[in-house]
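Visitor: Protein chains in written order, with the working numbering: chain A, -18 to 258; chain B, -18 to 258.
Keep in mind the hints are simulated off the structure, nothing from the lab.
Keep in mind that the hints are not guaranteed to be accurate.
The list treats identical chains as one, so a pair stands whether inside a single copy or across any two.
27 Å max Cα-Cα, derived BS3-like pairs, lysine-lysine [unchecked claim]: (1) K168 - K101; (2) K252 - K168; (3) K101 - K252.
Number of protein chains: 2
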Amino acid sequence: MIPDSLTQIQYDTIYNVFSLVIASQLFTSIFLVICLPRVLPRYRQAMTVAAIVCGIAAYHYFRIFSSFTEAFVTDAVGGRGNYTQVAGASFNEGYRYVDWLLTVPLLLLELVAVLALARKVQSSLLTRLIPAAALMIALGYPGEMASDNLTRGIFGLLSSIPFAYILYVLFVELTRSLERQPATVRKTISLLRLLLLATWGVYPIAYLLPGIGIDGSDAWVGLQIGYSVADILAKCLYGLIIYRIARMKSFSDDQTFADSELSLEDASSLKRSTLSN
Amino acid sequence: MIPDSLTQIQYDTIYNVFSLVIASQLFTSIFLVICLPRVLPRYRQAMTVAAIVCGIAAYHYFRIFSSFTEAFVTDAVGGRGNYTQVAGASFNEGYRYVDWLLTVPLLLLELVAVLALARKVQSSLLTRLIPAAALMIALGYPGEMASDNLTRGIFGLLSSIPFAYILYVLFVELTRSLERQPATVRKTISLLRLLLLATWGVYPIAYLLPGIGIDGSDAWVGLQIGYSVADILAKCLYGLIIYRIARMKSFSDDQTFADSELSLEDASSLKRSTLSN
């Protein structure tokens, strides 16, 4: 799968994209920790998990980055040249699975935690979502490591069963719990679910590419960029939307808190809209 | 672009300047986080973003610093000598673009956030400024990576369209929103905009240098120093001015807060000036 050689532009592109992911994940994580006091205590669990997810992803991208830079050596003198694979080194795609095994269940936990549902409803959702997420990743791994397309196809199929179940819980069961949420929050949560569906959709597509004969160095570079963009959206943007939901819910729960956090104009308009309800 | 060799003085200069940037960005970032409680909650968003911007810049300068030290090897014995490029290593200018892709939109976010405008005005400004900023950087990157001057020129020209649009929004549209700000705040914001214009002006000039035949090791050293100084002013000084605006606005919003934060003499003179209004 990993190509034997890369051009200077291909090498630089991946190098910079991986560094972009590290910076995005690391600083979204730090940002979310700093912003904890800016939501009410009952929403800090979700924010903390969002920060931890981005932190775990940053750690794995440090590993992926070194694995990449150590896997290739250049014949360039003066900056321009080709990169060839170092004998005895190889780029480790498995880091991604280790990352997902930890972060994917936590991403679902964030989503449920920020709703601040009754404990019973929350644990009913989580005891189904989290094992399904772990199973989905664990079943994908043997397929990714397999060298033949049959094994790859079988495990891909098995892995999509828990994925379908997660979608069912999020789009059917969770919808029932959303009725009590404020209208703006409901809208943002729908957005969050769509983001989850769109970004998670990238991974099975990337998984299937070698099976349908799309290979070679361009495909591989495209794949790494695709994974990187999906990881930024699925973790950083997702975490920032969680923060937004937590802020909206904090303001709707507590007018005094909203007064101190919002601009003077927004605070008074929120007060008017609350009084008129 | 990167020279084949550097003198000891050239090498030491860049080495020390890069280290100066790391120290400035890292500790401005830490300073701003520590100072968060010294402004009212509604201004902490702007301060947090300012701290994150400096943190991201510090991260990238760590990378740029290692990329630099790994790219050259010395023949010096006992301290003085020439530095020549290591075969197979290259100084990665792309880090700057990755940095700007993240920090430039955030710098505009800081500026708008510290004004604590009504949500509607704020989101109207940001939905235009942030995509324009990202587009400006993304269009510059292929030009920077190109080896011929034509491609460099075309992308440079394309990239200056969103730059002009950003200046229009900041100097024309934003001015309308400044009317309600206290007079001292208006003055400091004008200063901040001029700082932004002056420092951002360094980047396109640096971009054009190779096109007009200014090259060689002296030009390259000058360019790195120019970028470094611009990065310190555009991020650290800029962030500290944001902090100053946030303090001024906090005092004008809340007399009790001003009483506890200011010297006894300043607090009573602020009280007199507020009463006389």
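Visitor: Would you mind marking each hint as holding or not holding in the structure?
Guide: Hints and how they fare:
Proximity of K168 to K101 under the C-alpha cut-off of 27 Å is found in both arrangements, the shortest distances being 24 Å within a copy and 18 Å between copies. When the C-alpha separation of K252 and K168 is checked against a cutoff of 27 Å, the pair qualifies only within one copy, where the shortest distance is 21 Å, while the shortest distance between copies is 32 Å. For a Cα distance limit of 27 Å, the shortest separation of K101 from K252 across copies, 16 Å, qualifies, whereas the shortest one inside one copy, 32 Å, does not.
Hint check: no violations occur; every hint is consistent with the structure.
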